[in-house]
Amino acid sequence: MSLTVGILGGGQLARMMVLAGAPLGLRFELYDPAADACSGPLAPLTVAAFDDRKALAEFAAKVDVVTFDFENVPADSAQWLADQVPVYPPPSALAVAQDRLSEKTLFQQLGIPLPAFADIRSRDELAAKATEFGLPCILKTRRLGYDGKGQFRLRSEADIDAAWDALGAQVERTGLILEGFVAFQREVSVVAVRGRDGSFRAWPVTGNWHVDGVLSASVAPAVLADAEHEAAIGYARRVAEHLGYVGVFALELFCRDGELLANEMAPRVHNSGHWTIEGSETSQFENHLRAVLGLPLGSTRMLGHACMLNWLGAMPDPAPVLGQASGHWHDYGKQPRDGRKVGHATLRDDDADALADALLQVGLELDRQDQVAPAVHALRNR
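Be aware that the sequence shown starts at 1, since it is given in the UniProt record's numbering, and climbs by one per residue.
To be clear, the hints were calculated from the coordinates, so they are not data collected in a lab. Don't take every hint at face value.
[Unchecked claim] Cut-off 25 angstroms, straight-line C-alpha distance, at most; resulting in silico cross-link-like pairs (DMTMM-like, lysine to aspartate or glutamate):
no.: 1; residue 1: 334; residue 2: 278
no.: 2; residue 1: 62; residue 2: 52
no.: 3; residue 1: 129; residue 2: 159
no.: 4; residue 1: 341; residue 2: 365
no.: 5; residue 1: 341; residue 2: 58
no.: 6; residue 1: 62; residue 2: 51
no.: 7; residue 1: 341; residue 2: 264
no.: 8; residue 1: 129; residue 2: 264
no.: 9; residue 1: 341; residue 2: 367
no.: 10; residue 1: 129; residue 2: 278
no.: 11; residue 1: 54; residue 2: 64
no.: 12; residue 1: 341; residue 2: 71
no.: 13; residue 1: 129; residue 2: 165
no.: 14; residue 1: 62; residue 2: 99
no.: 15; residue 1: 62; residue 2: 36
no.: 16; residue 1: 334; residue 2: 71
no.: 17; residue 1: 334; residue 2: 83
[Claimed, not checked] Quick list of simulated restraints, FRET-style, between CB atoms:
no.: 18; residue 1: 131; residue 2: 41; range: 50 to 60 angstroms
no.: 19; residue 1: 144; residue 2: 84; range: 20 to 30 angstroms
no.: 20; residue 1: 135; residue 2: 294; range: 45 to 55 angstroms
no.: 21; residue 1: 3; residue 2: 132; range: 44 to 54 angstroms
no.: 22; residue 1: 3; residue 2: 317; range: 38 to 48 angstroms
no.: 23; residue 1: 336; residue 2: 169; range: 28 to 38 angstroms
Ideal Cβ positions, reconstructed from N, Cα and C, are used throughout, including at glycine.
Between the sequences and the hints, there should be enough to build the whole structure, so can you do that?
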């Protein structure tokens, strides 16, 4: 295919899209404010601000379709581009996902269960809603926060002033939302794709573990009852169809006492779906490209069991992972930095116990027993 895909954002998600698109014969143009964007070595990169209309116009002239790898791309820039060239997912869906209040209001309107939430405009409103919801609860910026950023957990009444001091100044810039705390047993995500023609597919629900708000490990399929699995995918379909969505997205959910509660959606390919590169018939990255180009969607059938381990800060020694027959290594080519996502590994096996054994060995050799332990427990207790 002699088609060119433009990607707003040049991080690791764009990098993996480019890699997935190469076998399809696709060309790519990247756009990112950072000259050292890690996808830059793989495709031409325009370095400019996301609101630079001249640079955006020149970018649009070089591509057949535009997508994005970063949910904080300004929605108005995506909408402006949509008047020049097709943009998928639709900028209207991006706008909803960028505002936690709009997002949770949408879940509520669609009848998807979720924790209590409230728009917060003052310190007094914060105090009143914290009393109503009960402690603990979480104050968040409505916009721009991700991977645990822009959040403050209130554990006692004494935290009300501290939370307001930390985030109150953001009321006018990003808005604030208070969310009831969920004492969940586990976190899961649905990674799904919807095509231009309305076709919908989802990968098996994934179980996730976070450390300090950042994904540490994912296992697929998640340990869920059949009814829970069907409900989770049904919620994702409901969201996609309401938004007229095109492309891959993730719906993150809490599991509490057999009930699923929506947390948030990510309008893009997602960290918890990285295992699909080796662990499914068609990866999330290839299916995203198929969707935005109007091509038939590929099968989301899973190949056995898979576990993804996120590498943060600096890359570890690859030998323990590559020494496993089921091990696959992904280095994003980023400079080390505390808390930065620099790569991931995926281990896949037809047998859950064999996968658990491989993870235990990797954890031991890398001294990351704590990181692999939840995944091993999930695999052992299916």
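Structure-based check of all given hints:
no., hint, result
1, 334 <-> 278, "holds, 22 angstroms"
2, 62 <-> 52, "holds, 16 angstroms"
3, 129 <-> 159, "holds, 13 angstroms"
4, 341 <-> 365, "holds, 21 angstroms"
5, 341 <-> 58, "violated, 30 angstroms"
6, 62 <-> 51, "holds, 18 angstroms"
7, 341 <-> 264, "holds, 20 angstroms"
8, 129 <-> 264, "holds, 20 angstroms"
9, 341 <-> 367, "holds, 19 angstroms"
10, 129 <-> 278, "violated, 45 angstroms"
11, 54 <-> 64, "holds, 18 angstroms"
12, 341 <-> 71, "holds, 16 angstroms"
13, 129 <-> 165, "holds, 17 angstroms"
14, 62 <-> 99, "violated, 31 angstroms"
15, 62 <-> 36, "holds, 21 angstroms"
16, 334 <-> 71, "holds, 20 angstroms"
17, 334 <-> 83, "violated, 34 angstroms"
18, 131 <-> 41: 50 to 60 angstroms, "holds, 53 angstroms"
19, 144 <-> 84: 20 to 30 angstroms, "holds, 26 angstroms"
20, 135 <-> 294: 45 to 55 angstroms, "holds, 49 angstroms"
21, 3 <-> 132: 44 to 54 angstroms, "holds, 52 angstroms"
22, 3 <-> 317: 38 to 48 angstroms, "holds, 39 angstroms"
23, 336 <-> 169: 28 to 38 angstroms, "holds, 31 angstroms"
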